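Protein chains in written order, with the working numbering: chain A, 55 to 125; chain B, 433 to 1322.
Since the hints were made in silico from the structure, they are not lab data.
Among the hints, a few may not be true.
[Said to hold, decoys possible] Ranges between beta-carbon positions, derived for each pair:
hint : chain 1 : residue 1 : chain 2 : residue 2 : range
1    : A       : W95       : B       : T475      : 45 to 53 angstroms
2    : B       : E675      : A       : P79       : 41 to 49 angstroms
3    : A       : A72       : B       : Q728      : 25 to 33 angstroms
Note that this is a predicted model, so its numbers are computed, not measured.
Glycine included, every Cβ here is placed at the ideal spot set by N, Cα and C.
For reference, the chains in residue letters:
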Amino acid sequence: MATRACLYTIRIKGRLGATALSAFPSMTHELKGGETVLTGWLEDRSALFGVLAQIEGLGLDLLEVRRQPTR
Amino acid sequence: MTSLGTTERKRRLEQPMSAEISVAARSLLDREDLLQKLDRAVTKRVTIISAPPGSGKTSLLRAWTERAGKLRRVAYLSVDRDQQDAQRFWTAVLTAIRGAADLIDTHEPVDRVASELAEHAESESTVLIIDDLHELRSAEALAQLEHLLATLPNNAHVVLSSRRDPPIRLHQLRLAGEVAEIRASDLRFTQEEARELLAAAVISLSDQAAAALYERTEGWAAGLRLAVISLSGHRDPERFVTEFSGTDRAIGEYLMAEMLGRQPSDVQTMLLRTSIVDRLNGELADLLAGRHGSEQMLLELEDANAFVISLDAKRTWFRYHQLLSDFLRLELRRRSAAEVPEIHRKAATWFIDHGDALEGIRHTLAAGDWQQAARLLADHLFSLTLDGQEAAIATLLRSFPKGVSADHPELALAHAAVQLAQGRLDEAAAQLALGESHVHNAEPTRRKRLAVAIASLRLALARRSGRFTEAMEQVNLLEASIANETSEDIAMGSELRAVALMNLGIVEAWSGRFDDADRHLSEGAALAQAIGRPYLEVACRAYQALPSASLATAHERGTYAIALAERYGLSDRPLLAPAFGALASIETWTGEFDEAERSLRHGWEVVKPDVDPAAAVLLHLATGMLHAGRGEHQSAVNALTAAVGAQSLLTGAHILGRVVAEWLAATQARLGMSDEARATLDAFSTEGDPIDAIDLGRAAISLAEGDPETARAVLGDVQRFAPPAGFPAYALVEAHVLAGLAYLAEGDRPAAATEAEAALAAAEEDRLIFPFAMNNAGALLDLVARHRTAHGALLAEAVDLLQGKPAPTIGRERQQPPGELSASELRVLRYLPTNLTRPEIAQALYVSINTVNTHMRNIYTKLGAHDRSSAVERARALRLLSTRNHRIPV
C-alpha cells in the first residue's frame, strides 16, 4: 500500500489542452502521439485517487496507471 | 409565520428539490431503441446503469420517466453531491416515492421505504430510480440499499444509475436472472441516431462528415451533443468536422472549449464566473457575472442543450452538468486567476446575506481570506450551534491552513463548540477560556455577539459536566443580559432565551423537578419553533420524553420528538439520545422488550460520537432494565455498573441515581453478591432520609438471601410506596411484588395472592409489567385466578412475558374450549374501550388487521356480544376489564 510518496505515470487518451492540464498541477506532462502522459510524485493513495477523480470528472479516457519502482 | 422566513429560505438554498424533474422543453433526441431497452430492463427487479460521465444516463432516465410515468408509478431521485448521511438519503428516497415532501413520521425511513414501495406495488407497477448513485458515500446506506434490493416486493423495480459499478452485491438476484444492465456500450449513439441528432438540430453535413464525426466521438453522447451545439449556426460545418476529426486532442476538453468559444462573449463570461458555485439562480448569477439578464441566458442555454440543468419545476435554480462545471472552473482559473478570489468574495457575501453562513464561510475560505473567514465563523457561531452544525463547523476548521487554525484567537470559540459536541469537555473549557480572553480585542460592535456565543457555550459546558447549580446560575445571568438588550439584539435575545430555557429544562429534568422542566421545555420548544430553530426545538422536545406524570404521554412525546427530528433531517443527532433512552425505559416498564431493544439501539447509535454523561446514565439504566427484565442478570449488572460510572462523572445529583443503585443492588443480590449489593446501597443512603428505592433494594437482597421475614420488615407498610397523585406507581408495584414473593416464600399463599392482586391493580393504569419480570414473579402470578381478577388482560400479558412465549397462534386458539378468552383475545379486548380503530389496534399489537378481526369475532361470540360497546359492557361485568377508563400506551 502506498503510504508514502511514490512516482506515478498516468496515460490518458488524447492530447490534453491547457485547461485540462491545469487540473494536474502536481504532475508534469508529455504529449506522445495521440496520448498524454502525466508524471509526478503523489503523496499517498488519497492524492492518487484525487487525480483519478479529476480524470473521471473531466470525462477523460484513462489508459494506464503505473507506479514507478522507487530506487 | 414571517419569523420562519430565514429558515425557510435557508432550507431552499440547501435543498433545491432534487426529487423533482424539470419540465423544461429540451431538444433531446428521443432515442426509441434505448428507451425500449430500458423498458425491457425494467421488467427485471433491478436495473444497473453504469457508465462514465457524459454517457447520457440522466437524459435517458428523464426521457423514460416522462414517458413511462404515464403508465405506472415512477419515483425519481438524484443523490445529492457527496451524500454521506444515510438518514437524509432515505428521507429523500421516501419523499420521491410519496411524490411530496410531507411529514416523514418515522425514525426508520428505510423500513418505511420498503413498506410504502410494497404498498404502491400492490396496486400498480412501481419503479424507483436512483440517479447519481456514485455520490452516495454512506456505507450504511449502501448496505441498507443492498438489503432493500434483496427483499423487493413483487411488482416493484429499482433502477440504479452510477458512474461506476455500485458496491452492492447482487449475486443472488443475478442467479435468479433478476438483474439487467445498461452500460456505456449500450448508451453509445448508433450511427443512425447520430444522424437523427444532427437532423433534429437542422445541421446539414455530408454523409462522409457525419460518419467522421461519429467515428471521432465513438458515439459518446456528451461528445455528440457538444459537437451539435458548436455546429448549430456554424458557417462551415464541414470544416469544423474536418478539424475535429483531424485533431488528436482529448475530445471532451476540445469540444467544451469549442462550445464555449462559440458562445457570445457575455455568455462566456457569465458561464465562467458562475462556475464557482454548485448551484445558482438568476440573482446570484448576475452578481457574479457583474451584469443583468443571466437568468434569461441560463434558460436559453438549458433549452439549447443538456449542459445547464434546472433544479426546480419553476426553473429558478440551475446547475451545470458536472463535466462542464469542472471544465469551466479550470478555464476560469487559467484565464483570470487574479479575479477568482474576488468572485468567491461576492458569492460569500450573497450567501451570508441570504442566511447561508456555512456556504458563505466556505467561499470566504476559497478566496483565501483566513482572517475574515475566522471572524465570520466567530460571528455566526452561536447561530450555527443553534442549528446543530458542529460537524460542518469542524469541517470548516479543517479548511483553514495549518497554523492559522491553531493560533487564531477568533477560532477558539469554534473549536470549543466542536469539542463540546464531541464530549471533549476539558479541551472545550480551555478553548473557551482562550476565546474569552480575546473578546476585548474585538471591535465593540462585535463584542455583544461574541459574548452571547460565550455565554451559551458556558451554559452548555456546565450542563454537560453535570454542574447543575452552575448551569442555573448561568441561566440567571443570561436572563439579566437579555433584559437590558438593545433593539438590534432582539432576535438574538429570543434565541438566547430559547437556549436558556432548554438548558434550564434539561437541568431541572435531571434534578427531578419535572413540573418546572416540563414548563420550561415547552416554552423553549415553542419559542424555538417561532424563531425557526428546529434543532433547538427538537432538543427541547427530546427531553420532554423523560417519564414523569404519565407513561403514555411521555411515550407520545418521545415519538413526537423523533418524528420531528426526522422531518428536519436531524434524526442521527446526539440530541435525540434522551428521547430514545426514555422510550426504551418506558417500553421496558410496559414489557415491550423488543421495542425497547430497538429504541436502545437507536439511542446508542446517535450518542456514540458524543458522550453526554447525563444521557448516558439513562441509556445504561434502560439497557440494564431490559437485561434484568429478560433475566440476564450478569449483563444487567454490567450495564447498571456503567450507569453508576457515568453518574460519577456528573457533579450534581442525578434523579436516576437512586433507582440505578436499587436495581444494581437487587441484581447483584440475585447473583449471590450480597456484600457488593449492600455496598452499592450504602453509597447512596448517606442522606439520612428513608429512600424508597433503597428500601426496595434491601428487601430484594433479603429475599435473595432466603430471608423473607426481614424483607417484609424492611418494606413495612407497603402503602408508603404509593406515588404522588397522577404519577405511575413504579415503587408501589414493586413493593407489592416483593411483599408477595416474601409471603410466598413463607408459605402464606392467600397473603401472597392478595399482594399479587394489589400489584396488578397498581400496575394496571400504566401497564407496569416490568417489576413482575425483573423479580421473576411467575409463581406469584400463578396464584391469581384469571377469572377472578379485575386485571385479566394485564395478567395474561405479564404471564406471557415471563414465559417468554410468542403470542399464541390463531390455530391453537381454535382448540380452546368455547367461552374462555385466549391470551391474544384478552390483549385485543383491552383496546375495545378505547377509540382506536381496528387497523390502529392491529398496528399497536404488531399483528395484521385480519388477526384483529378474527380475535374480535371470537370475542363477540364468546361474550355473546353483538358489537364493540356491548362487548366492553360484558367484559366489565365479567371483570375481564377494569371499569376505570385507563389509558393505552401508544
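Requested in this report: State, for the Cβ atoms of A72(A) and Q728(B), whether the hinted interval 25 to 33 angstroms holds or is violated.
Outcome: holds, 31 angstroms
Query - W95(A) versus T475(B) beta-carbon gap, inside 45 to 53 angstroms or not - result: holds, 51 angstroms
Query raised in the report: Do the beta carbons of E675(B) and P79(A) sit within 41 to 49 angstroms of each other?
Result: Cβ of E675(B) to Cβ of P79(A): about 29 angstroms, so the range 41 to 49 angstroms is violated.
Against the hints set out earlier in the document, a violation occurs for number 2 only.
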